[in-house]
Amino acid sequence: MDDSELIKLTGADKQLLGLFKQRRKEAEKEAEAFKKHFFEKEIRVLGISGSKRDLDDCPQESSTTEWLLDKCLDEAQKLGAKTKKMRLQDYNIQPCKGCYSTTNTQCHFKCTCYPEGKFGDDMTNKLYDMCMWADVIVWATPIHNFKISSLMGLFLDRLISMDGSLKPADPHRAKDKDLNKKHTKFIQLTANEKFGSGFLRRFTGKIAGVIVSGHEIGASMTISSLFMTLNNFGMLFPPFSNVYAINTRCEPTYTDTKALRNKCHEDDARLLAKNLIAAAKIAKRKGDYWWHYDSGSN
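Just so we're aligned, residue 85 is where the sequence shown starts under the working numbering, counting upward by one.
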């Protein structure tokens, strides 16, 4: 499709079309760097804790979910991986404002609602980079009302910035709705199967595991909701990729810590690490393939 046709179909002028093409080149370059990083020999594991429980806060007990995560990360480290832990409660994470629903390119990477630097929150200034660093991500959340914790939900909402977003076409007009609609139309018309040619999905190919714990039921719904979200982010799930530890309603909640922090659940968390590392080794084995998705739509 030539420039005159693109100008007609998108409503962009020649200068704006040039900006769109420049952003595409930058996205393709970022995509190549992403793949190069992924296929490095080192395996990088990030554990994310969505628990708010803390010994020095209202619960007066530490998190069992995080205890399980620690066992998983410890095993990953023993297997030769480099590990980091992200405790969401330690960071300032502001809520998503839903720019993506206006048009895809109204949402940017990194998030321009909280722009990187002094006007940004920890999500923009720190946490996106930690997610980009990882090859493997272990998502650990308590079960709250049959679902993930509010902290984990807040974090996941903000990750839309990594899933299909680009730099703003014009940084000085980042939230110009008309401009961004034209940019979206340009991507729909020009994207192909090349990774980075359109909407860049930065979780593609990363390995995912899930840990949940809580009192009574809700584990299956919590795991299932995380699976659908993360799989649609483009993450890979190996066999036996989740761990859940729950107590029975016949027992009071003060018995949960003792009941859940046992060798059985610890062994499960360590087995999770072994499967995640195995999956990472398989995925990293050969760098001449990549995963496919519709780059012109998200």
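A couple of the hints might just be wrong.
[To be verified] Here are the simulated SDA-like pairs of lysine to any residue, each with C-alpha atoms no more than 25 Å apart in a straight line:
#1 136 x 120
#2 210 x 265
#3 181 x 93
#4 169 x 93
#5 358 x 215
#6 347 x 275
#7 278 x 174
#8 194 x 260
#9 347 x 215
#10 278 x 158
#11 365 x 136
#12 251 x 274
#13 162 x 278
#14 278 x 210
#15 181 x 209
#16 181 x 124
#17 265 x 136
#18 278 x 181
#19 136 x 347
#20 278 x 124
Think of the hints as simulated: they come from the structure by calculation, not from any bench.
Treat the numbers as computed from the prediction; the structure is a model and nothing was measured.
So, going through the hints one by one against the coordinates:
{"no.": "1", "hint": "136 x 120", "result": "35 Å, violated"}
{"no.": "2", "hint": "210 x 265", "result": "29 Å, violated"}
{"no.": "3", "hint": "181 x 93", "result": "29 Å, violated"}
{"no.": "4", "hint": "169 x 93", "result": "47 Å, violated"}
{"no.": "5", "hint": "358 x 215", "result": "20 Å, holds"}
{"no.": "6", "hint": "347 x 275", "result": "50 Å, violated"}
{"no.": "7", "hint": "278 x 174", "result": "38 Å, violated"}
{"no.": "8", "hint": "194 x 260", "result": "16 Å, holds"}
{"no.": "9", "hint": "347 x 215", "result": "30 Å, violated"}
{"no.": "10", "hint": "278 x 158", "result": "37 Å, violated"}
{"no.": "11", "hint": "365 x 136", "result": "33 Å, violated"}
{"no.": "12", "hint": "251 x 274", "result": "17 Å, holds"}
{"no.": "13", "hint": "162 x 278", "result": "37 Å, violated"}
{"no.": "14", "hint": "278 x 210", "result": "29 Å, violated"}
{"no.": "15", "hint": "181 x 209", "result": "17 Å, holds"}
{"no.": "16", "hint": "181 x 124", "result": "35 Å, violated"}
{"no.": "17", "hint": "265 x 136", "result": "39 Å, violated"}
{"no.": "18", "hint": "278 x 181", "result": "30 Å, violated"}
{"no.": "19", "hint": "136 x 347", "result": "24 Å, holds"}
{"no.": "20", "hint": "278 x 124", "result": "21 Å, holds"}
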